[in-house]
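Chemist: Same order as they appear, the protein sequences are chains A and B. Read in our numbering, the first sequence has 24 at position 19, and its numbers run on one by one without any break. Read in our numbering, the second sequence has 135 at position 117, and its numbers run on one by one without any break.
Any given hint might turn out to be false.
To be verified - Calculated pairs, EDC-like style, for lysine to aspartate or glutamate (alpha carbon to alpha carbon, straight line, at most 16 Å):
id : chain 1 : residue 1 : chain 2 : residue 2
1  : B       : Lys-267   : B       : Glu-297
2  : B       : Lys-240   : A       : Asp-122
3  : B       : Lys-98    : B       : Glu-209
4  : A       : Lys-160   : A       : Asp-113
5  : A       : Lys-181   : A       : Glu-8
6  : A       : Lys-74    : A       : Glu-182
7  : B       : Lys-174   : B       : Asp-97
8  : B       : Lys-278   : A       : Asp-117
9  : B       : Lys-219   : B       : Glu-209
10 : B       : Lys-278   : A       : Asp-122
11 : B       : Lys-267   : A       : Asp-122
12 : A       : Lys-11    : A       : Glu-130
13 : B       : Lys-132   : B       : Asp-97
14 : B       : Lys-233   : A       : Glu-8
Just so you know, the hints here were simulated from the structure itself, not pulled from any lab data.
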Amino acid sequence: MSEREKINIENIVASTSLAEHLDLSRIALALDGSEYEPEQFPGLIYRLQEPKTAVLIFRSGKVNCTGAKNLANVKLTIETIIQKLKKAGIEVYDTPEIVVQNIVAVYDLEADLNLTDIAMSLGLENVEYEPEQFPGLVYRVEEPKVVLLLFGSGKVVCTGAKEESEIEQAVIKVKKELQKVGLI
Amino acid sequence: MTETEKKKKENIDEITRCPECSSTQLVRDYERGELICNNCGIVIDESYIDQGPEWRAFDSEQNESRARAGSPMTFTIHDKGLSTDISWKNKDSYGKSIPTRNRAQLYRLRKWQKRIKVSNAAERNLSQALQELERMASNLSIPNDVRETAAVIYRKAVKQNMIRGRSIEGVVAGAIYAACRITNVPRTLDEIAAVTRVKKKEIGRTYRIMSRYLKLNIMPSKPEDYVNRFCSKLKLSMDARKKASEILKMAEDSDLTSGKGPTGVAAAAIYIASLLTEERRTQRAVAEVAGVTEVTIRNRYKELTEKLDLKVEQELEA
Chain A
6 MSEREKINIE NIVASTSLAE HLDLSRIALA LDGSEYEPEQ FPGLIYRLQE PKTAVLIFRS
66 GKVNCTGAKN LANVKLTIET IIQKLKKAGI EVYDTPEIVV QNIVAVYDLE ADLNLTDIAM
126 SLGLENVEYE PEQFPGLVYR VEEPKVVLLL FGSGKVVCTG AKEESEIEQA VIKVKKELQK
186 VGLI
Chain B
19 MTETEKKKKE NIDEITRCPE CSSTQLVRDY ERGELICNNC GIVIDESYID QGPEWRAFDS
79 EQNESRARAG SPMTFTIHDK GLSTDISWKN KDSYGKSIPT RNRAQLYRLR KWQKRIKVSN
139 AAERNLSQAL QELERMASNL SIPNDVRETA AVIYRKAVKQ NMIRGRSIEG VVAGAIYAAC
199 RITNVPRTLD EIAAVTRVKK KEIGRTYRIM SRYLKLNIMP SKPEDYVNRF CSKLKLSMDA
259 RKKASEILKM AEDSDLTSGK GPTGVAAAAI YIASLLTEER RTQRAVAEVA GVTEVTIRNR
319 YKELTEKLDL KVEQELEA
C-alpha cells in the first residue's frame, strides 16, 4: 500500500472572502441554526450537516471553513453557503478564491515507538518531548514546513501542511530517518 | 639577565628539592622564616616571606570580619555581586562608631547607594527578576548551584529579547524548571506553579519556548530522577528507594515509559516498591506527593506489574 493511501486526512481548514462587508445580524436570521453572539465571538458560526463542516463568517466578508475531510467538501460547503446567502438576498461573490490554510492528517507507522530514544537520535534541538506536559513528541520538520506529533503507539499526527503532498513528503522523511537509526 | 642568573632566580622561586640530599621533604617554618630540609636539617632559605594572612581566625565570625575579599561572583545578583555596599555597621574606616548626628546622613547615603546600583530599566528588570528567582527558589528549597543555573538561563533569555511580552514571573519560573531539569533534580510543574502566581500551563509554555530558542537541549525527564525526592517525602527506607529504581530500570528496558508522564510512572514504581518492602503507603499518599491522580497510579501499577511480571500480594485499596 502506498503511503498516500495510508494517510488519513482528518481536517482541512480553508478560508475565502465572500464580500467586502457582511451584515451578520441579517445572515443570522437568514441561516437557520446559526450561532451569532457578538459579545462572545465576533464571527457568526454556521454548522452544516452535509458535508459535516462548520463555517465562520466575519463582518469583513472573510469566511473560514473547518471540519472538511477533503477538498471537494470544502468547495461544496462554500458553494452551499453562497447559495443560501443569495437566496436570502444577500450580495456575495459568485466564485470566490478558496485558500487552504491547514491540513491535519493521521498516519500509522505500525510500530511501537520509544520516544526518548527518538528524541535523542533526531537531536534534542530539533524535537520537543516533554512527557510531563504532553505525551507526544513534537517534531518540527523544516522542509516541508509541517509539524509532526509522534506518539508511543506509532501514530503520527501531521499539522501545518497546506497541501496533501507535503504530508506525504514529511511522513516519508520521518519514516526514513527513523529507519536509518533503526527505531522502527 | 644572563642565562645562569635566570636559572638561579628560577631556583629560588620554587625550591622543591634539598640541594644537599635531594630530599623533597622541605618544611617551611613561618615563625623563624626559614626553609628547612626535613631529611638532613640544612637551612636552605632564611628570611622567608610568609605568604599567608597576617592574622589567625578562630571562628567563622572572626574569619568574616578579617577577610580581605568579598563573597565570590554570582549570577543570582544583578551586578554579579561585584559592586560595593555601604556597610550596615555604623563604623568608619578606623572602626570608630559614627556619631549619632551623622547617622541619618549615613542612612540616606546607604539608601541612595542601593538605589543607584541599578542604573537603567533593563538592569532594574533583572534585579527584580533575580529577587523573584531567589524567593521562589527558597520556597522550593532549591540548592545554590541550581539557582545559579536558573539565573544564567534567565540572563540568556533577557539577551535574546525573550522577556518582552511575557511576565517576569513566568519566565523566572520557566528558568527554574529548566535549571532543575538540567541538574537532574526535576521539580514538577505543579510544585513550581504552587509558589508563583503563574499557571502551570504558562510555565510549561515558557519553558518549551526557552528550551527551543536558547538551545538548552535538555534530555526528557526520567522517572528515576523523581524517585529520591518522592521517597524521602513519603519517608520510605533506602531499600524501597533501591527497589523503586530497579523497577524503573526494568520498565525502561522493556519500553514501558515511552509517552507516559514520568511522575506517574515514578509514583507507581514507588507504590509497588513500598508494597514489596512491606512499608506500604496508600495510593493516595503516593499520588499526593507525586502530584498525579490515584487513577494514574493504578493504571501504571497494572501495566508495570503485568508486563514486568512482578509478584505483588493483591491488596485491596481501602
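Chemist: Hint check: B/Lys-98 vs B/Glu-209, CA-CA at most 16 Å. Holds or violated?
Modeler: Between B/Lys-98 and B/Glu-209 the Cα gap is close to 28 Å, so the pair fails against 16 Å, i.e. violated.
Chemist: Regarding the pair A/Lys-11 and A/Glu-130, is the alpha-carbon distance no greater than 16 Å?
Modeler: Answer violated: A/Lys-11 to A/Glu-130 is near 29 Å, above 16 Å.
Chemist: Assess, step by step, whether the Cα of B/Lys-278 is no farther than 16 Å from the Cα of A/Asp-122, and give holds or violated.
Modeler: holds (14 Å)
Chemist: Quickly compare the C-alpha distance for B/Lys-233 and A/Glu-8 to 16 Å and report which way the hint goes.
Modeler: violated (33 Å)
Chemist: Mind checking the alpha carbons of B/Lys-174 and B/Asp-97 for me, to see if they're no more than 16 Å apart?
Modeler: holds (15 Å)
Chemist: Compare the distance between the alpha carbons of A/Lys-74 and A/Glu-182 with 16 Å, and conclude whether the hinted pair is satisfied.
Modeler: violated (28 Å)
Chemist: Does B/Lys-267 pair with A/Asp-122 here, judged by a C-alpha cut-off of 16 Å?
Modeler: Measuring from Cα to Cα gives roughly 15 Å; hence the hint holds.
Chemist: What's the verdict on A/Lys-181 and A/Glu-8, does the C-alpha distance respect the 16 Å limit or exceed it?
Modeler: holds (12 Å)
Chemist: Within a Cα-Cα threshold of 16 Å, do B/Lys-219 and B/Glu-209 meet the stated pairing?
Modeler: holds (13 Å)
Chemist: For the pair supplied as a hint, B/Lys-240 and A/Asp-122, is the alpha-carbon distance within the 16 Å limit?
Modeler: Distance ~12 Å between B/Lys-240 and A/Asp-122 Cα, so the pair holds.
Chemist: For B/Lys-278 and A/Asp-117, compute the direct alpha-carbon distance and say whether it is at most 16 Å.
Modeler: Status holds; Cα separation ~13 Å.
Chemist: B/Lys-267 and B/Glu-297 were given as a pair; does the straight-line alpha-carbon distance stay at or below 16 Å?
Modeler: With a Cα-Cα distance of about 21 Å, the restraint between B/Lys-267 and B/Glu-297 is violated, given a limit of 16 Å.
The structure does not agree with the numbered hints 1, 3, 6, 12, 14 stated previously, though it agrees with the rest.
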